[in-house]
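Position chain B against the provided structure of chain A, taking the given hints into account.
These protein sequence lines are chains A and B, in that order. Residue numbering for the first sequence is 0 to 687, as defined by numbering that gives the first Met the number 0. Residue numbering for the second sequence is 0 to 687, as defined by numbering that gives the first Met the number 0.
Each statement offered as a hint is correct.
Restricting the straight-line Cα-Cα distance to at most 30 Å, the calculated cross-link-like pairs of lysine-lysine (DSS-like) are:
id	chain 1	residue 1	chain 2	residue 2
1	A	Lys336	B	Lys336
2	B	Lys21	B	Lys77
3	A	Lys396	A	Lys576
4	B	Lys336	B	Lys210
5	B	Lys210	B	Lys49
6	B	Lys270	A	Lys336
7	A	Lys270	B	Lys336
8	B	Lys210	B	Lys77
Chain B is nowhere near these chain A residues, computed Cβ spacing over 12 Å in every case:
id	residue
9	Glu6
10	Leu33
11	Ile79
12	Asp164
13	Gln165
14	Gln206
15	Trp436
16	Thr514
17	Pro526
18	Gln531
19	Arg535
20	Ile642
Just so you know, the hints here were simulated from the structure itself, not pulled from any lab data. Keep in mind the model is a prediction, meaning the values are calculated, not measured. Just so you know, even glycine gets a beta-carbon here, dropped at the ideal spot from N, CA and C.
Number of protein chains: 2
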Amino acid sequence: MSTDNGEYQVIFMPSGRRGVIKHGETVLDAARQLGVEIESICGGRLTCAKCKVQVEEGTFDKHGIRSAADHVTGAGDKEISLLERTDGVRPDATCRLSCVAHVQGDLLVFVPEESRAHKQVIRKSATDRPIDVDPAVRQVYVEVDEAFLGEHRGDWGRLQSALEDQWQLSGLSIDLLVLRRLQAALRRGDWAVTVTLWHDREVIDIQPGYKEGVYGLAVDIGSTTVVGHLCDLRTGELLATESAMNPQVTYGEDLMSRVSYAMSNSSGLNKMHSAIIETLNSLASRAARSAGLQLRDINEAVLVGNTTMIHLLLNIDPRELGGAPFALASRDAMDIKARELGLRFHPSAYIHILPAEAGHVGADNVAVLIAEEPYEREEVSLIIDVGTNAEVLLGNKDRVYSASSPTGPAFEGAQISFGIRAAPGAIERVRIDPETWEPRFRVIGEERWSDEWAMGPDAPPEAQPQHLAAGICGSGIIEVVAEMYLAGVILSDGRFNPDRPHERVTWRGKKGVYTLASSDQTTTGQPILVTQDDVRNVQLAKAALYAGAKLLMNRAAIDHVERVTLAGAFGSYIDPKYAMVLGLIPDCPLEHVAAVGNAAGDGARIALLNRHKRAEAVHYSREVTYVETAVATDFQAEFVGAIHIPHATDAFPNLESALGLVLPRMAANEGDRRERRAERIRSRRGRE
Amino acid sequence: MSTDNGEYQVIFMPSGRRGVIKHGETVLDAARQLGVEIESICGGRLTCAKCKVQVEEGTFDKHGIRSAADHVTGAGDKEISLLERTDGVRPDATCRLSCVAHVQGDLLVFVPEESRAHKQVIRKSATDRPIDVDPAVRQVYVEVDEAFLGEHRGDWGRLQSALEDQWQLSGLSIDLLVLRRLQAALRRGDWAVTVTLWHDREVIDIQPGYKEGVYGLAVDIGSTTVVGHLCDLRTGELLATESAMNPQVTYGEDLMSRVSYAMSNSSGLNKMHSAIIETLNSLASRAARSAGLQLRDINEAVLVGNTTMIHLLLNIDPRELGGAPFALASRDAMDIKARELGLRFHPSAYIHILPAEAGHVGADNVAVLIAEEPYEREEVSLIIDVGTNAEVLLGNKDRVYSASSPTGPAFEGAQISFGIRAAPGAIERVRIDPETWEPRFRVIGEERWSDEWAMGPDAPPEAQPQHLAAGICGSGIIEVVAEMYLAGVILSDGRFNPDRPHERVTWRGKKGVYTLASSDQTTTGQPILVTQDDVRNVQLAKAALYAGAKLLMNRAAIDHVERVTLAGAFGSYIDPKYAMVLGLIPDCPLEHVAAVGNAAGDGARIALLNRHKRAEAVHYSREVTYVETAVATDFQAEFVGAIHIPHATDAFPNLESALGLVLPRMAANEGDRRERRAERIRSRRGRE
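Next up, chain A with everything else stripped away, as it sits in the complex (with noise of 0.2 Å):
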């Protein structure tokens, strides 16, 4: 019901927040006063329309219901021209634009998914979370007072009143390169702009006129990877990914490798820090040339890396993150002009780049602990991130561990024999006959399994593979000695089997070797092995990986974890199951291991959007307790105790069950009942 002296009931939906309003306030002024947020550019010039309502009925006025035209002030023709612009068809009379429909009886007024002042985007993957979109870059509409005789201002001091008139925006600076365009600017659009702002702070553009577009990129800095995504600032909109290998490669495959180089080269590190900034600046014009957009279009860039490519990509010298104590330059969250470092974007376009949390857990897990928000959850999650070190974040609303687990390169494929990186040919399933310890595998680039190529000169050419194998990437090297060790190729301690002779399986002295791919399946025409040294690495690899997690368990006392989450490239592409099968991760339910893909980008692409989302990536990334596993002392019992192929129920309740086998079990006459068990294994399995 109206109340008296010209009050009257507002709704919103739907968001359901109501209020009395005083006769004469606009709409979107009785959204503000209700905290119901409404998208608005131009400040109730009617310019941009983005402020659109539905009043949908006046329905609780005393007399009865009546038509909302009674109860808001009449559409303009400038209203119903513009409505109609943007729309390109006539609105009905319940679309109305809300800065200039007044208030003059009860409403209840519809905000649709456009008009509302924060946006969400659903993030794509295992979780599907949304992200705010409420970034550090916005643009607002102002008109400026012209200029006269007798005034001194000067045209940024009347730019400052305008903006603190009409978007009580105060305290402004003016980069110096904006300034420099802004008189001119101010006359071609006839004293009316619009203005880029970051962080509400500083004017960062400035264009003539009414302008719309607003563009952020969020890279994930890998060693061996750097993955761009564009946004649009506006929706959130994700509008391209692109990626490119890390130009560093060239001057060491590993992080070591570069902080070598940049210690015994005087140019070292300059070379690694053009190269890396070049190759920021193509990804960043190809992801806006697919967009329709030129890299000067990017108003804002968040970056994340490990500390290694942080420091490399700000001409750091690396040289403290080689040795103990691993003490980083800084850090701090940055925010850097993009020209300081030579990055194309927008002159006047700032890098954010999220804090650290220590000397070897940089600004890509801070990353990934904001996309991934285990600080919100009751239950305790484990985080993993593989890469050269694993990054290993345990945890849950109460607190969060982390720790940096030193796997070395044998997930990405190095110091394997025939390691290779995830690229068309890698082998990167594959699964073993537990009767005839036959191999088959599928390699990138190619739908069939190896079993299903047809070879020779004969064969038809659609039945030809599109790759032959090149080599085994990560997920290959995960799946290959786990079904070696199922099939009986290897035992728990990860020897090879000496007590069955077979064809597949030659001995280098004391070392077996496994012939996983034939010569004719080869790019090179020579057989893939797996070696003795193999295995003993990914043992090494995945026990570093487990004790991590172990570690970080025993800090927090708790002896299971409801939630595994694989982050990263590598977490992808690996088989959950296997992971299981290997011991990389301890035992969960398996339903409660997911995979989420690029987390760091995600959590990069996150910060972009919302600048709420960096206050708390500082926050958190001091709040994490960092467990050095260099100076644990359980870390090293753990990570002994982590070397075998997992054979005991005890530590993994829920593998057996979930995977619909019975692992092999250690015992004192150990060969007969492992052989008994692979006997029961291979029963169950069958062939998939």
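For chain B alone, coordinates are given in the frame of chain A:
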């Protein structure tokens, strides 16, 4: 007397501040508590020896006078050896470092000049006012926690903690270029570093160990001349002054030609911008070299100049200054990284640009304002800074008015037939015998007047002038016109006297020409002449200047001023007497007319040495009431009324008495009476 509970009376001299101090406080802390500022860089680490005091005696103990030694803790070996090292002699027992001497009884402490935190330097000018040294850049010495395994703040985080603990500095940022050198500096200094801070907000340098030395440059960018003062920012001492021609004169002598050049040539702005930047670099380099420093030792610079100069410095198109309404891009004070402009000072140095007042009243005038501080005085001052435009300030503590008078470049030697800039050979002083109309003159670079020059091939070399006359500079133009008037060569309205034929006066139609220097006295072998048009141009210029001053007097509703200050190079060279004869300035007791030299440069130096004066500049640049001559209706009237050379004592009561002469007076029978008065003048003056 001592109070109970281990509290003592401590008095600091020469300030006389006194108070009760707890047992065990250091003398330095006691000083801080009582508002006595003592220098300290090392913060009690016994490295800087800046905080030396004389612990004079413990005078007011109730048991009578005891030696100071009982009232402070004794000096340790390290303190004594540091005092020995810095003073060169063994200190007597009363000489102590206040940071390590602890109060344990009543004390009388004398703080010597060199230990006072806020030093003063005397500004060398007519006013000789002191400048408090409190610059935006300072150094502090800190000892930082060493990095150790399991500690994750990073080197910058640990430095921040040290700065907070040891210097109560928080919320600091660090320049990226300094961050790049941070880790090496900390380790080279064995975790002790000297940090250079800008406004206690940003770290702009870091050096290993204990280092001293911060330097600043104050620059006045004139349209013609650029002058730079290099100062020691610890002591305020002026280390070097260098000047250079403004290279932009190649693109246009006066401001409007440069604005036109920028508008009509696509690369004109860039050329003029690059030219001034290169000049600033080379000027700063020379100043640094002559002080035994390098360009990169300059930690901050304060730059002033007129609005066009500042636009060109910042590479901002000055076209809006070329016509009404003369809109500035910005009138705000600005801090910009020197490197952003290509200035090769310290790589992390800032430049500070003082604010402007209005389209034609720039940072140089604001510099004059804070140097002269008319707003601090009871008496009304008129401050005139003559250039192509004359900036005029009028006011006192109640209100200050400003205007920019379009004098044109006549006073700079332009628009005068034989006008040249002040340089060796320029005629700067002129006397004309009222009887004979014979002139004599003095040129820059030659002590003797021209009538003492020995000329011709037979003259001994030492009797010949160092420089022949090359032309007439600003002060010479004032004097020649004033002398021509006093001698009767020209009349009050500026016309050549048609009634007295003379060999020095020739006629071109109705326009007379006066021969100032004969052909044997000049570098060209051609005589130097003063034409009717020259006299007219001087009249127009002086009328504009006078009208500007009168306009402000009208606004302030006053009919006389109590003090006239002539600022700028021109103001230093002209003789105030002749300025008054010509009517450049309103009447004022001659002893209250003073030239203060380059007040704009002084203001820049003051703002460099004292950061609070920058805030004062911002405040008063907005407080000043700017009067636009172009729209002030009374300006034209005053201008027309001021074209004549003063003839009535009404407006200039002080003039005759001050000069010891009677000015020509306008009368009905103008010719006769003028002649009679002129007669009287001649008889009184004689030859100087």
